[in-house]
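Participant: Here are the chains, one letter per residue:
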Amino acid sequence: MIELQDVHKAFGPKQVLTGFTLTVRDGETLVLIGYSGTGKSVVLKHIVGLLHPDAGEVIVDGRMVPELDRAELNAVRRDIGYVFQFAALFDSMTVAENVALGLRNRDLPEAEIVERVQEALALVDLTGTDERAPAELSGGMRKRVGLARAIALRPRYMLYDEPTTGLDPVTAAVIDRLVVRTREHLGVTGLVVTHDMRSAYTVGDRIAMLYEGRVRQVGTVEEIRETDDPVVRQFIEGRPE
Amino acid sequence: MITGIGRRAVAAVEAVGRLGHFVGDMTRALPDVRTWGRLVAQQMRRIGVDSLPVALFIAAFTGVVLALQASYTFTGAVPLYFVGTLVGKTMMLELGPVLAGLALAGRVGASMAAELGTMTITEQVDALETLAYDPQSFLVVPRVVAATAMFPVIVTFAVATGIVTGWLTSLALLELSTAQFLKGLKIFYVFKDLWFGLFKSATFGFTIALVGCRVGLGTRGGAEGVGQSAMRAVVYSAVLILMLDAFWAVVLL
Numbered sequence: 121m122i123e124l125q126d127v128h129k130a131f132g133p134k135q136v137l138t139g140f141t142l143t144v145r146d147g148e149t150l151v152l153i154g155y156s157g158t159g160k161s162v163v164l165k166h167i168v169g170l171l172h173p174d175a176g177e178v179i180v181d182g183r184m185v186p187e188l189d190r191a192e193l194n195a196v197r198r199d200i201g202y203v204f205q206f207a208a209l210f211d212s213m214t215v216a217e218n219v220a221l222g223l224r225n226r227d228l229p230e231a232e233i234v235e236r237v238q239e240a241l242a243l244v245d246l247t248g249t250d251e252r253a254p255a256e257l258s259g260g261m262r263k264r265v266g267l268a269r270a271i272a273l274r275p276r277y278m279l280y281d282e283p284t285t286g287l288d289p290v291t292a293a294v295i296d297r298l299v300v301r302t303r304e305h306l307g308v309t310g311l312v313v314t315h316d317m318r319s320a321y322t323v324g325d326r327i328a329m330l331y332e333g334r335v336r337q338v339g340t341v342e343e344i345r346e347t348d349d350p351v352v353r354q355f356i357e358g359r360p361e
Numbered sequence: 003m004i005t006g007i008g009r010r011a012v013a014a015v016e017a018v019g020r021l022g023h024f025v026g027d028m029t030r031a032l033p034d035v036r037t038w039g040r041l042v043a044q045q046m047r048r049i050g051v052d053s054l055p056v057a058l059f060i061a062a063f064t065g066v067v068l069a070l071q072a073s074y075t076f077t078g079a080v081p082l083y084f085v086g087t088l089v090g091k092t093m094m095l096e097l098g099p100v101l102a103g104l105a106l107a108g109r110v111g112a113s114m115a116a117e118l119g120t121m122t123i124t125e126q127v128d129a130l131e132t133l134a135y136d137p138q139s140f141l142v143v144p145r146v147v148a149a150t151a152m153f154p155v156i157v158t159f160a161v162a163t164g165i166v167t168g169w170l171t172s173l174a175l176l177e178l179s180t181a182q183f184l185k186g187l188k189i190f191y192v193f194k195d196l197w198f199g200l201f202k203s204a205t206f207g208f209t210i211a212l213v214g215c216r217v218g219l220g221t222r223g224g225a226e227g228v229g230q231s232a233m234r235a236v237v238y239s240a241v242l243i244l245m246l247d248a249f250w251a252v253v254l255l
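Protein chains in written order, with the working numbering: chain A, 121 to 361; chain B, 3 to 255.
What the hints contain is simulated information worked out from the structure, not anything from laboratory work.
Wrong hints could be hidden among the right ones.
Some but not every residue of chain B turned toward chain A, in silico, with C-beta under 8 Å [stated by the list, open to error]:
1. Thr124
2. Gln126
3. Asp128
4. Ala129
5. Leu133
6. Ala134
7. Tyr135
8. Asp136
Coverage of chain A stretches by chain B, computed from C-beta distances (three or more under 8 Å per stretch; other residues unrestricted) [claimed, not checked]:
9. 158-172
10. 204-211
11. 218-225
Computed spacing ranges between beta-carbons, pair by pair [to be verified]:
12. A:Arg345 to B:Ala225: 36 to 46 Å
13. A:Gly132 to B:Leu32: 26 to 36 Å
14. A:Ala255 to B:Gly223: 14 to 24 Å
15. B:Gly223 to A:Arg183: 31 to 41 Å
Where is the CB? At the ideal position from N, CA and C, for every residue including glycine.
Using the sequences and the accompanying hints, generate a full structural model.
Facilitator: Set out below in structure tokens:
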């Protein structure tokens with residue numbers, strides 16, 4: 121279980137999180153929606169310890185993330201697959217090397233690393249792209265490689281940062297399908313950050329909206345679809361006013 | 003004006019403090035040989051082999067100029083075989099390490115800052131962290147170790163090249179025989195001439211890589227930020243090389 125309790129975070133004078141509280145239950149996929157620049161990615165970065173809260177608690181499986189030393193933090197990170205918004209692939213490595221990188225510091229035999237890489241690439245429908253460079257791939261393929269890199273770790277949790285942003289509707293639907301497939305295949309708990317409502321409805325069990333540094337509303341997909349909250353309604357309907 | 007000077011002084015002290023903190027982080031990553039050990043050879047090739055042509059090019063012309071200037075200075079007053087002495091001592095003690103260091107501050111330092119800067123702004127460094135790697139072990143230590151090890155090798159070749167071009171210039175343009183040039187080269191040679199230059203170049207390599215990595219990993223913004231980082235890495239490295247050069251002269255000579 122991932123818990124964020126009353127998290128505050130500011131960058132200089134800009135207050136981004138002002139008492140953010142959210143629980144991601146084991147086995148569910150929770151979608152965090154909200155306007156661009158409101159701090160959704162900041163939430164994800166707190167969970168993996170890339171950012172430290174100014175106040176509040178970030179807890180993964182009972183471990184208080186901001187208080188961990190590097191070795192303990194790495195142990196938490198080994199349970200988490202992180203899919204970056206722009207894939208964050210290593211330009212100097214091939215697709216297979218990118219996917220294998222997270223396995224190479226885990227005392228795994230080479231044969232198992234190769235097997236896991238092939239399995240992960242197959243799961244995202246990229247079999248046969250092993251030797252290609254990230255620069256040769258389309259945006260959608262890069263995102264799928266980023267997903268494969270996370271899947272190969274066989275994590276307990278998956279964090280997705282805007283998985284469908286910048287993609288055409290068909291490719292976005294492919295990514296959504298892969299998110300669902302990953303959950304079914306690995307049984308992972310997921311937290312998806314997006315402002316794409318079609319994606320949110322497709323992949324989420326519950327949806328939470330981040331607004332002005334806090335969770336404005338959290339509920340099942342149906343509850344959010346039928347919400348009376350004017351802020352949430354405006355966002356999910358995409359109305360300018 | 004005094005406020006401005008004070009502000010700059012505080013900023014400079016803070017920058018030194020941050021670099022010291024960075025060195026501390028790097029030192030803590032040193033035991034993680036399993037991560038950085040396999041990456042050193044690749045960096046040694048990139049830093050060493052790929053930088054050699056630039057260093058040799060500079061050294062070749064420096065050797066020519068040194069021989070001609072020595073001859074010009076000595077005319078009538080000092081025996082001409084001292085051209086060999088001046089070329090050898092100057093290349094080993096000063097110009098080999100410093101000119102190669104300054105040239106490679108541009109090539110190696112800027113390249114590291116731009117590469118790590120791009121990795122930082124495209125979240126590749128964050129991705130490394132989420133894959134349970136320490137960026138210090140994966141990115142910084144291999145580069146610093148490789149640069150520290152390879153700079154003396156590069157400078158050895160540069161010094162040899164400068165001496166050879168100085169010798170060829172003496173033969174072709176100064177009517178000096180090979181025996182006379184070698185006599186001058188050997189007459190005041192002491193082993194310290196060589197190890198001082200090589201030791202100094204190792205510290206230059208360490209500094210250039212350290213500054214390139216620190217500046218690169220501190221990159222903010224987009225393409226402009228990467229450009230700024232590359233420029234800063236060159237300027238800071240060049241300044242630190244000249245300061246280190248003077249420091250080692252005071253301490254070791």
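Participant: Now look at each hint and say whether the structure bears it out.
Facilitator: Hint-by-hint comparison with the structure:
Given hint, Thr124 (chain B) at the interface with chain A, holds; its Cβ is 6 Å from that chain's nearest Cβ, closer than 8 Å. With its C-beta approaching chain A no nearer than about 5 Å, Gln126 (chain B) sits inside the 8 Å limit, and its interface hint holds. About 5 Å separates the beta-carbon of Asp128 (chain B) from the nearest beta-carbon of chain A, less than 8 Å, and the hint is met. Evaluation of the Ala129 (chain B) hint against chain A yields a held restraint, the C-beta minimum of about 4 Å falling below 8 Å.
Proximity of Leu133 (chain B) to chain A holds as hinted, the smallest CB-CB distance being about 4 Å (cut-off 8 Å). A least Cβ separation of about 4 Å between Ala134 (chain B) and chain A falls short of the 8 Å threshold, and the interface hint therefore holds. With its C-beta approaching chain A no nearer than about 6 Å, Tyr135 (chain B) sits inside the 8 Å limit, and its interface hint holds. Annotation: Asp136 (chain B) was flagged as interfacial toward chain A, and the flag holds, the nearest CB pair being 7 Å apart, inside 8 Å.
Counting residues of the segment 158-172 of chain A whose C-beta sits closer than 8 Å to any C-beta of chain B gives 4, which meets the bar of three, so the coverage hint holds. Evaluation of the coverage hint for the segment 204-211 of chain A: fulfilled, as 7 residues show C-beta separations to chain B shorter than 8 Å, against a requirement of three. Residues of the segment 218-225 of chain A lying with their CB closer than 8 Å to a CB of chain B number 3, which satisfies the three-residue condition for coverage. Look at Arg345 (chain A) against Ala225 (chain B): about 42 Å separates their beta carbons, and that is inside 36 to 46 Å.
With their beta carbons about 34 Å apart, Gly132 (chain A) and Leu32 (chain B) fall inside the hinted range of 26 to 36 Å. Taking 14 to 24 Å as the suggested C-beta distance range, the pair Ala255 (chain A) and Gly223 (chain B) conforms, at roughly 22 Å. Checking the proposed 31 to 41 Å range against Gly223 (chain B) and Arg183 (chain A) shows it holds: the Cβ atoms sit about 34 Å from each other.
Consistency note: the structure conflicts with none of the earlier hints.
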